[in-house]
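Student: Protein chains in written order, with UniProt numbering: chain A, 1 to 294; chain B, 1 to 506; chain C, 1 to 328; chain D, 1 to 304.
Careful, some of the hints might be misleading.
Examples of chain D residues toward chain C, derived with CB under 10 angstroms [as the list claims (entries may be wrong)]:
#, residue
1, Arg57
2, Gly123
3, Ile125
4, Asp127
5, Ala129
6, Ile203
If you are wondering where the hints come from, they were derived from the structure by calculation, not from laboratory data.
Backbone N, C-alpha and C define an ideal beta-carbon position, used for all residues, glycine too.
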Amino acid sequence: MAEVSFPHAQERRPGRGFAALRRLPLLSGAIIAAALLAALLAPWIAPYDPAAVDLLRRFAPPAWMDGGSSLHILGSDDLGRDVLSRLIWGARVSMLVAVACVVSDAILGTAIGIVAGYCGGRVDSVLMRLADILLALPYLLIALVVVSAVGASLSNVIVIIVVLRWAALSRIVRGETMMLKQREFVALAKVAGIGPVRIMWRHILPNVMNSVVVVSTLGVGAVILFESVLSFLGVGVPPPTPSWGGMVADGRNYLTSAWWVSLFPGLVITAVCLAANLCGDWLREAMDPKSNRR
Amino acid sequence: MASLRDLTKPLLAAAIAAGASLVPWAAAAQSRITIAINTLGPETWWPQDIANNKYLTGTIGDPLVRLVSPYKLEPALASSWKVSDDGLTYEFTIRNDVLFHDGSKLTAEDAAFTFAPENAQNYVGFSRMKNGNIVSVEAQGDRVIMKLKEAIPFMIDGYISRISIRPKAYLQRVGVEGFNKQPIGTGPFKVVEHVKSQHVKMVANDNYFGGRPKVDELIWRVVPEPATRLAMLRNGEADVTYNELGASTGELQRYGMRAVSFGLPRQSVLVFNHLLRKENLPSRFADVRVRRALTMAIDREAVANAIYFGKDRAAALLIMPRDTPSLDPKYRPLAYDPVRAKALLAEAGLSGGFKVDLYAPNNLKDLAVLMVSYWQRIGIDAKLSLLDPASLNNAWFNRTLSGDAIILSQILANGVASLVYLDPAAQVVTYYSPETDALRVAGTAIVDPARQDEWFLKVFAPKLDQLYPVPVILEGRDGVFGLGQRVKDWSKFELHAMGFQWLTPQ
Amino acid sequence: MTQPLLKVDDLRTYLFTRNGIVRAVDGVSFHVDAGETLGIVGESGSGKSMTALSIQRLLPRPAGRIVGGEIRLEGEDLVAKSERQMSAIRGRSMAMILQDPMSSLNPVFTIGQQVSDPLRTHRKLPPGELRKAVERLLEMVRIPAPQTRVNDYPHQMSGGMRQRIVGAIALSCEPKLLIADEPTTALDVTVQAQYLRLLRDLQARLGLAIIMITHDFGVVARICDRVAVMYAGRIVETAATTTLFDRPAHPYTQALMRSMPRLDQRSDRLPAIDGQPPDLRQTLTGCRFAPRCAHASDICRQQYPEMTVVSPGHAVNCWHADRMMAAS
Amino acid sequence: MDYVLQRLLHGVLTLLAVTIVVFLLSRLSGDPLSLILDPAATAADRAVELARLGLDRSYIDQYLIFLGNALGGDFGESIFYKAPAFSVFMQHLPATLELGVVAIAVSAAIAIPAGVVSAVRKGGILDTAAKAFALTGQSAPIFWIALMLVLVFSVVLGWLPTSGRGGLSHLVLPALTLGWYSNAFLMRVTRSSMLDVLDADYIRLARLEGLPERRIVWVHALKNAAGTIVTTLGLMTISLVTGAVVTETVFAWPGVGRLIVESIFHRDFPVVQAAVTVIAAIVILINLAVDLIFAWIDPRVRLG
């Protein structure tokens with residue numbers, strides 16, 4: 001395809017880095033940064049121990065409401081624990097789960113996808129059958145079975161999510177790898193006698209990174225939501241460790257009377273997922289050379 | 001958001017007033033009561049799954065003898081009964097004025113059929129009555145005579161009173177499948193419609209021998225999500241809701257809704273792992289001071305008031321005897337005293353505190369979280385694992401929990417359950433300690449309830465401190481029913497689903 | 001003299017991008033007479049395609065906008081037309097062929113469906129006639145066995161055939177003007193020749209005017225009557241084909257010709273001329289080619305050269321046109 | 001045809017592997033005996049019960065027996081429901097199908113047009129609104145949305161029943177909930193694949209032919225994007241199961257999602273095995289169907 005039809009596509013290229021930066025949804029970035037910061041600094045910024053119960057101060061409403069006090073800015077829950085402190089500590093768990101799952105999935109899914117796509121043949125069909133199996137399993141139910149077998153714990157929840165989720169990404173990476181394999185630079189590298197591992201590492205990996213980053217970013221929200229569903233079914237990250245999903249799930253019995261117990265974590269989940277999704281969308285557009293035209 | 005609540009009430013009232021005829025589910029007959037419940041179990045009528053299905057079983061049928069309070073038995077379909085001294089022969093005299101829903105008369109044959117050894121498989125969870133322990137059940141005129149191979153402690157309280165009598169002739173005529181399509185019994189309500197996993201519709205049995213129920217129509221609806229059940233109670237879709245202890249009862253209270261607790265008293269206990277694990281290692285739990293410290297660290301009165309709806313209290317004893325033990329200072333629960341608890345730990349050489357695993361079933365989550373928090377204050381670092389009941393039981397029964405672990409468990413709090421649990425033959429040996437071993441065996445051997453009770457108070461109760469399970473909270477009942485506006489009274493709400501006969505509509 | 005079929009006057013098309021305004025077409029004027037073929041030649045980014053898209057009023061949205069000038073097709077100003085009016089003109093009065101036959105056809109519709117689409121839209125033919133018309137068109141562009149081919153999908157055909165089908169679609173409503181944007185770039189050399197021959201034949205038969213946008217002087221030589229050379233958004237030289245080949249007057253044209261590939265070579269782009277085309281986002285003074293021109297003098301850098309008519313029909317924008325002519 | 005056969009074969013192999021996974025996983029979580037036996041049961045009682053359920057055999061034996069019976073459509077007897085596991089599952093299937101089909105249909109009816117319009121008017125108000133809706137929909141816990149719907153429409157407004165299966169009014173909230181997530185997802189996929197297509201040369205050509213814009217968008221472009229959309233619909237079936245678990249729980253909808261969750265907690269292996277196997281089979285078949293539809297839409301796949 002000749003490059004004449006839309007000259008401005010080229011014209012934009014020199015300034016692309018800056019333009020891209022300018023288009024970074026600042027609010028989304030800020031939300032994610034805030035969540036990460038809260039996760040890192042929880043012990044120092046949380047006003048209370050998130051697990052400390054206080055039966056005399058149950059269901060304290062948020063500070064601005066009748067009966068609220070500045071002791072519990074966002075109110076307290078059914079066991080008198082400070083909602084704000086739990087939100088801040090919850091960031092630690094939720095972000096840890098999200099980041100750990102997404103990063104591990106990215107590594108696992110990418111590795112398997114590249115190997116399957118590059119090696120082809122029997123390796124490919126074995127790995128992809130494996131992915132097929134995972135994709136055909138109702139993964140929530142499998143997670144339930146496994147958790148009820150090994151018990152709910154933070155690490156178990158992470159491992160289960162990772163094991164169940166890599167297949168989708170590996171499919172995408174495999175498809176791209178197969179296309180890249182046909183490209184000249186790979187052929188050239190082969191001719192030059194470069195070994196397959198090195199080709200995959202140096203030539204294929206950088207080229208699939210775009211998709212990996214985009215899919216992974218979009219996965220952050222999905223993982224947080226998945227953990228919340230596990231909590232809803234009683235098999236999420238176990239208490240007293242606070243997780244956002246668990247807080248929403250626990251607070252649902254007080255939806256109308258002590259709405260703050262579940263509303264704030266619900267809003268935080270929504271905000272962070274939204275921010276992650278927006279960033280994912282933005283990355284998709286910024287990294288896809290084709291979408292640059294739009 | 002603050003105004004949501006204020007907004008809700010007038011809207012709700014308006015909806016009920018103006019829209020009652022427009023909204024189909026609100027357009028109820030005056031005496032129709034809808035009960036939203038978490039589960040009705042497998043919803044089979046034969047076999048009758050007593051463990052999971054007590055409401056259905058109890059509402060359409062009656063047992064021979066009814067347990068009306070933790071220790072009180074009343075005649076139901078049997079006008080009288082006798083137990084032989086060795087506890088091996090039971091004789092029931094069947095009333096002759098009871099009709100099944102199809103109009104046929106209840107006879108001793110029906111009772112004999114219900115308990116026949118070949119039908120024992122139909123009682124899920126009644127292991128001791130299975131596997132050949134029932135030698136024979138015979139009908140002789142208006143009497144039924146049951147012979148056992150081995151005595152079963154609290155046979156009537158624990159078993160007979162929970163099985164409702166099924167019509168032999170009808171069952172044989174229509175078969176199991178037919179019976180499950182249209183089950184009949186002697187109970188206060190008749191089944192008119194049963195849509196599995198959704199609802200069971202019942203109407204009053206005009207000829208009920210205990211008097212016609214005041215409710216014309218009783219609808220059971222299966223609603224697994226507690227928040228949804230509360231919503232149903234609030235918008236009038238349900239008149240009665242089952243509520244798990246803890247969480248949702250607080251919400252009921254906040255709306256000024258009435259609640260009644262139901263079922264047999266239970267209590268939450270701490271079970272120490274060291275005698276339940278495979279390896280026989282020394283354990284810090286063997287020291288009674290440690291066990292006491294764990295108990296005293298928890299403000300049990302506050303916990304009971306806060307999460308158990310004020311209906312429950314700190315438990316003193318593992319087993320609740322017939323006579324109220326609270327009168328006797330000996331049976332008063334250990335008071336909340338974290339300072340003393342710390343001192344006890346120090347005496348036991350654990351002044352630095354220790355780490356422990358706490359396993360709890362997920363329905364006791366709040367209690368477990370509270371305990372972890374309280375223990376933390378005396379330096380005990382407990383790591384909580386919530387398991388679903390089957391996992392917990394399996395871990396426990398198969399002795400797969402290792403190290404010093406504590407299990408939070410819930411058991412029935414009357415003599416029946418406790419003695420059953422203490423039965424040395426039981427696979428699930430729950431509670432024992434070297435000090436009480438001999439006593440356990442002796443107590444189980446007593447068949448006569450009166451003598452057993454005497455034995456309990458005189459001999460066993462003083463030694464309870466030596467038992468390893470530590471009682472934490474005595475819960476009044478199994479759970480709580482929330483009552484909507486159309487339920488006027490529930491005057492005679494007793495242990496079994498029979499209580500639904502006494503529901504009074506507005 | 002009768003009015004030309006298409007008259008473009010001082011056309012200015014700018015692209016408003018985030019990084020600045022690109023003056024892609026910056027004051028272009030030319031005309032096309034009925035039945036003649038005008039070649040527009042230039043490097044990539046010189047504004048050829050933007051000119052074509054401006055005529056069709058299908059600029060990339062939302063960046064592209066015509067900011068000045070007139071485009072008169074049979075005397076009517078297209079710039080002033082509404083979108084709806086343009087829809088009626090496109091495909092009927094003028095048609096366009098895009099460069100890539102592989103991607104110009106919708107992969108999920110059959111050839112027949114695609115060829116009949118404009119006929120149905122503009123002519124509203126009943127189904128029976130429609131089918132006949134489609135077969136006739138396919139025959140016209142020399143597709144063998146058109147009766148069976150109508151049910152084929154694009155991917156079942158060769159590149160040359162596809163481009164001929166694109167031609168059939170373009171010609172289906174018998175337009176007066178056909179704009180062909182590098183229609184042969186993606187084709188084999190032999191297929192290229194065939195295709196151009198076909199275009200010539202059709203042109204003769206239908207009395208069609210063609211604007212041939214290309215960077216390939218080989219194509220120009222084969223098919224064009226006149227040529228306009230574009231550089232950096234402006235036309236720098238216009239002449240009859242033979243004249244231009246004989247006596248190119250603009251240094252840019254000369255450079256282009258020197259770098260012209262041989263006909264038997266397939267090429268996607270021009271061999272480079274030293275230097276870079278200017279950044280069209282800047283306000284430019286002087287001759288745009290001056291920075292790359294070996295003959296540039298001070299005036300070249302200060303003032304844009306006026307149009308010089310060096311011979312009838314041969315105009316050039318160069319301060320040194322005379323000297324250049326002499327040199328060629 | 002070979003293609004279909006090959007895919008079917010792959011499907012069968014996948015299904016076989018699924019049965020192994022489910023079989024082993026369910027055994028991992030311990031036996032159901034502690035739920036069946038009362039605490040007073042003796043070791044002998046336990047042994048009798050184990051033998052009755054066939055759980056005393058080795059895993060391999062158990063699996064082979066299960067597989068053999070399953071081939072004949074017999075998934076064993078439900079431990080909890082005391083009825084054939086397969087028929088227990090089938091009793092619950094219609095409710096889920098009803099809910100799933102309505103949810104998918106509604107969300108397709110909303111999401112596809114919205115995605116198309118959003119792509120055509122990229123950057124416009126409609127696009128922004130649709131994107132905001134889609135992103136928010138994908139960002140909130142589904143059970144929270146469900147409970148909020150109950151609160152608003154059942155408790156505060158009193159328009160719709162909270163739960164249960166019955167007439168149309170009972171279907172609205174669950175379908176809305178279940179459709180919510182897929183709606184958002186489908187809209188995004190539609191939008192992005194339409195954006196890809198609208199950029200293509202053949203769409204420009206269609207414009208150059210002077211075809212009406214409506215026809216270009218809804219026929220020429222959409223048919224090209226349809227392959228991706230249909231594939232997405234296929235992929236959504238499995239995540240629909242997740243949604244169904246939550247939706248059915250909140251709205252007391254008597255479907256298979258709830259059934260399986262409860263069966264997992266009851267350690268009712270036969271039902272879990274039957275359900276997961278059949279669901280996996282359905283998913284595999286749907287994806288096969290999707291591929292065939294894809295091929296039907298896009299001739300390049302059909303013949304390539």
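Student: Decide, hint by hint, whether the structure agrees.
Tutor: Status of the hints after comparison with the structure:
The closest approach between the C-beta of arginine 57/D and any C-beta of chain C is roughly 55 angstroms, which is over the 10 angstroms cut-off, so the hint fails. Among the interface hints, the one on glycine 123/D holds; its C-beta lies about 7 angstroms from the nearest C-beta in chain C, closer than the 10 angstroms criterion. Using the Cβ-Cβ criterion of 10 angstroms, the hint placing isoleucine 125/D at the interface with chain C is not satisfied: the shortest such distance is roughly 14 angstroms. Violation of the interface hint for aspartate 127/D is found here, the shortest Cβ-Cβ separation to chain C being roughly 12 angstroms, above the 10 angstroms cut-off.
Look at alanine 129/D: its Cβ only gets to about 18 angstroms from chain C, farther than 10 angstroms, so that hint breaks. Interface restraint check for isoleucine 203/D: the shortest CB-CB distance to chain C comes to about 8 angstroms, inside 10 angstroms, so the restraint holds.
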